[in-house]
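Novice: Listed below are the residues making up each chain.
Protein chains: 2
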Amino acid sequence: MSRVTKVEFLYDFGSPNAYLAHEAIPAIAARVGLEFEYVPVLLGGVFKATGNVSPAVSTQGIKNKGEYLMREVARFVRRHGIAHFNFNPFFPVNTLQIMRGAVVAQREGIAAEYIDAVFAHTWGAAPKKMDDAEVIRAALEESGLPAERIMAGIADSSVKQQLIENTQRAVERGVFGMPAFFVGAEHYFGKEAFAEIEQDLARGFARDGAGG
Amino acid sequence: MSRVTKVEFLYDFGSPNAYLAHEAIPAIAARVGLEFEYVPVLLGGVFKATGNVSPAVSTQGIKNKGEYLMREVARFVRRHGIAHFNFNPFFPVNTLQIMRGAVVAQREGIAAEYIDAVFAHTWGAAPKKMDDAEVIRAALEESGLPAERIMAGIADSSVKQQLIENTQRAVERGVFGMPAFFVGAEHYFGKEAFAEIEQDLARGFARDGAGG
Numbered sequence: 004m005s006r007v008t009k010v011e012f013l014y015d016f017g018s019p020n021a022y023l024a025h026e027a028i029p030a031i032a033a034r035v036g037l038e039f040e041y042v043p044v045l046l047g048g049v050f051k052a053t054g055n056v057s058p059a060v061s062t063q064g065i066k067n068k069g070e071y072l073m074r075e076v077a078r079f080v081r082r083h084g085i086a087h088f089n090f091n092p093f094f095p096v097n098t099l100q101i102m103r104g105a106v107v108a109q110r111e112g113i114a115a116e117y118i119d120a121v122f123a124h125t126w127g128a129a130p131k132k133m134d135d136a137e138v139i140r141a142a143l144e145e146s147g148l149p150a151e152r153i154m155a156g157i158a159d160s161s162v163k164q165q166l167i168e169n170t171q172r173a174v175e176r177g178v179f180g181m182p183a184f185f186v187g188a189e190h191y192f193g194k195e196a197f198a199e200i201e202q203d204l205a206r207g208f209a210r211d212g213a214g215g
Numbered sequence: 004m005s006r007v008t009k010v011e012f013l014y015d016f017g018s019p020n021a022y023l024a025h026e027a028i029p030a031i032a033a034r035v036g037l038e039f040e041y042v043p044v045l046l047g048g049v050f051k052a053t054g055n056v057s058p059a060v061s062t063q064g065i066k067n068k069g070e071y072l073m074r075e076v077a078r079f080v081r082r083h084g085i086a087h088f089n090f091n092p093f094f095p096v097n098t099l100q101i102m103r104g105a106v107v108a109q110r111e112g113i114a115a116e117y118i119d120a121v122f123a124h125t126w127g128a129a130p131k132k133m134d135d136a137e138v139i140r141a142a143l144e145e146s147g148l149p150a151e152r153i154m155a156g157i158a159d160s161s162v163k164q165q166l167i168e169n170t171q172r173a174v175e176r177g178v179f180g181m182p183a184f185f186v187g188a189e190h191y192f193g194k195e196a197f198a199e200i201e202q203d204l205a206r207g208f209a210r211d212g213a214g215g
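Chains as they are written, first to last, in the numbering used here: chain L, 4 to 215; chain A, 4 to 215.
If you're looking for bench data, these hints aren't it; they were derived computationally from the structure.
Just so you know, these numbers come straight off a predicted model, no measurement behind them.
Check each hint, because a few of them may be wrong.
As the list claims (entries may be wrong) - With a straight-line Cα cutoff of 27 Å, these simulated DSS-like cross-link-like pairs (lysine-lysine) come out:
#: 1; chain 1: A; residue 1: LYS66; chain 2: L; residue 2: LYS51
#: 2; chain 1: A; residue 1: LYS66; chain 2: L; residue 2: LYS66
#: 3; chain 1: L; residue 1: LYS163; chain 2: L; residue 2: LYS51
#: 4; chain 1: A; residue 1: LYS51; chain 2: L; residue 2: LYS66
#: 5; chain 1: L; residue 1: LYS163; chain 2: A; residue 2: LYS66
#: 6; chain 1: A; residue 1: LYS132; chain 2: L; residue 2: LYS66
Build the full structure now, drawing on both the sequences and the hints.
Specialist: Right, here's the structure in full:
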């Protein structure tokens, strides 16, 4: 396929499945001919607006289901050759600061570098407590990012407002959890959705927004 | 791939996603080189043993999620060219009789015909109340199956016991819902798992039971 199709990727750093999707994206984008546009959305805001909860909560008290989700993660890691994945020992991480930081990074033109760094510091080789301002600052510095500028930008009211708007818009479009993907108006949920997106694009269903 | 890999398909007629998987299986089996072995399991028994509930229940009160699952179904139907799918108006159907009937049909050597017929009568062109003995009997007759023999067999205590054992064994192997698939000891859940199974087989992960 020579035509590049745009896929919006709605993410929150607090979602392990969003991290896994992020790690898998470069190879999928190259192989299938997709361009991923990253949209920062506050997962806690989505949960509050929809009444949804994380799989860690929804599988509590259900025999076998939590174990299956862990198995599915292990298979995904192996299938996509993901180099580092460690469940964050401070989970659930309050991602308000680092998600606002993603909006700042977009405005500074360093979104790709920031996203790579923050996902890695949250779920990579040495996961950190990424809701602690000092930990965030040190992590950004370690990754060669302008920590002071980003931390200052986080307090900007228009940054806060942008993240709120992204989150409200996501819920209006049908989002209830993350990772979420959009091809036009067509919504796909979860890291397993890559196969669905690929199959639908190959059949030309999603491209015109008439997926079903 | 010339080697045919066996995939166990654990099903209950009451699951719309098991029906959709059943409809998609022939083309996938032929294309990928898989042989599906159908294992009747009582979903109600799995739910009782694990504390799980159907998506129809678990998505109640969650904005967007139920709508998404319906959209996912519509895409699956289109993607796999499924001729008939109508949500059963009597859902949830108590499947105890028709699942026991599946054990009878296995013993009679008519499992394939029985499974096709009962899935079609539950979710196909004209979905019926398939927990009513008279409705079941008429449906089996309409499909040219030995209705009297099957209905009599349903009362057999060894048939009842077989279904209980299948269900207990499924839970012991990690099942919490259906459709469930096994490639060796490797468990896959849900109709979207076909893509995962196919990818893992292509990489040789699942075949040796060392999937992750």
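Novice: All hints, please: hold or fail.
Specialist: Here is how each hint holds up against the structure:
1. Of the pairs offered as hints, the one joining LYS66 (chain A) and LYS51 (chain L) holds, with about 10 Å between alpha carbons and a cut-off of 27 Å not exceeded.
2. About 25 Å separates the Cα atoms of LYS66 (chain A) and LYS66 (chain L), which keeps this hinted pair within 27 Å; it holds.
3. For a cut-off of 27 Å, the pair hint linking LYS163 (chain L) to LYS51 (chain L) stands: about 17 Å separates their Cα positions.
4. Annotation: proposed proximity of LYS51 (chain A) to LYS66 (chain L) holds, straight-line Cα distance about 10 Å (limit 27 Å).
5. At most 27 Å may separate the alpha-carbon atoms for a hinted pair to count; LYS163 (chain L) and LYS66 (chain A) meet this at roughly 24 Å.
6. A C-alpha spacing of about 30 Å is found between LYS132 (chain A) and LYS66 (chain L), which places the hinted pair above 27 Å, so the restraint is violated.
Comparing the model with each numbered hint stated earlier shows that hint 6 is the single one that does not hold.
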